[in-house]
Amino acid sequence: KLRTVHVNGLDSRYLTDEIVEYDKKLHSYDRSKIVRATLAERDCLVRVALLGRTVVGYGAVKPNLQNMWIVSPLYCDNEHIAKMLLMDLVTDVVIYQKYNPDENFDSAIVLKVPSNNPSAARMLHKLDFVKQDYTLRRCYTKKIFETPNQNIYALHTSVFCTE
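First residue of the sequence shown? That's 3 in my numbering, and the numbers climb one at a time after it.
None of these hints come from the bench; they were simulated from the model.
Misleading hints may appear alongside valid ones.
Claimed, not checked - PhoX-like, lysine-lysine: derived pairs with alpha carbons at most 25 angstroms apart:
(1) 64 / 114
(2) 26 / 85
(3) 128 / 144
(4) 100 / 26
(5) 144 / 100
(6) 35 / 3
(7) 35 / 64
(8) 3 / 85
(9) 26 / 64
(10) 128 / 85
(11) 27 / 144
(12) 64 / 133
(13) 133 / 114
(14) 27 / 100
(15) 64 / 128
(16) 27 / 85
(17) 35 / 114
(18) 26 / 114
(19) 144 / 85
(20) 85 / 100
(21) 133 / 35
Let the sequences and hints guide you as you build the complete structure.
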């Protein structure tokens, strides 16, 4: 049975370890420090999609410096799981704002989608997200990393203090 769960409470250590392994499988290298730092950020709401006890996607949404919410990251095995996680994360934001009225976060939700993932673009169009003209600068290294673009529905930003 496919379901999404919050990453908090008693299962958080187990789920965090499973998310780190899922991320490593997608990216083909260990990103555990950045993943753990993201999941531990203040006001960060995290969901993981499980098929039985197997992780098939995860996503996080957190406030950025412009006081909007940013989905970062949203990694999933397919569009159906991505939509399910995104809808649950949006619901979590609504609930968070209801029970934290003193926080001055805008209700806007933004995300950065790779231009070469048509499934992500299709899903966001169906959900009435509005595309903005924005170009993300590319970074290069001497080594080529294959990125799992078909699994990336929202980019993972590591710019913790400027997004």
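Pair hint residue 27 and residue 144, alpha-carbon separation not exceeding 25 angstroms
Holds: residue 27 and residue 144 sit about 22 angstroms apart, inside 25 angstroms.
- Item | Straight-line alpha-carbon gap residue 128 to residue 85, limit 25 angstroms | holds (10 angstroms)
Hint check: residue 144 vs residue 85, CA-CA at most 25 angstroms. Holds or violated? Outside the cut-off at roughly 35 angstroms; violated.
Hinted pair residue 26 and residue 114, Cα distance within 25 angstroms: Within the cut-off at roughly 21 angstroms; holds.
**Prompt:** Does the structure keep residue 133 and residue 35 at a Cα separation of 25 angstroms or less?
**Reply:** Given that 25 angstroms is the threshold and the Cα spacing comes to 31 angstroms, the pair is violated.
Notebook entry, point to check: Between residue 128 and residue 144, does the CA-CA distance stay at or below 25 angstroms?
Noted result: violated (38 angstroms)
With the threshold set at 25 angstroms, check whether the alpha-carbon distance from residue 35 to residue 114 stays at or below it. holds (21 angstroms)
Worksheet item: Is the hinted pair residue 64 and residue 133 satisfied, with a Cα-Cα distance of at most 25 angstroms?
Response: holds (20 angstroms)
Practice prompt. Assess, step by step, whether the Cα of residue 27 is no farther than 25 angstroms from the Cα of residue 100, and give holds or violated.
Written response: Violated: residue 27 and residue 100 sit about 36 angstroms apart, past 25 angstroms.
### Query
If you draw a straight line from the CA of residue 64 to the CA of residue 114, is it 25 angstroms or shorter?
Holds. Residue 64 to residue 114 sits at ~13 angstroms (cutoff 25 angstroms).
- Are the Cα atoms of residue 64 and residue 128 separated by 25 angstroms or less? holds (23 angstroms)
Holds or violated: residue 3 with residue 85, Cα cutoff 25 angstroms? holds (16 angstroms)
In summary, the numbered hints that this structure violates are 3, 4, 5, 6, 14, 19 and 21.
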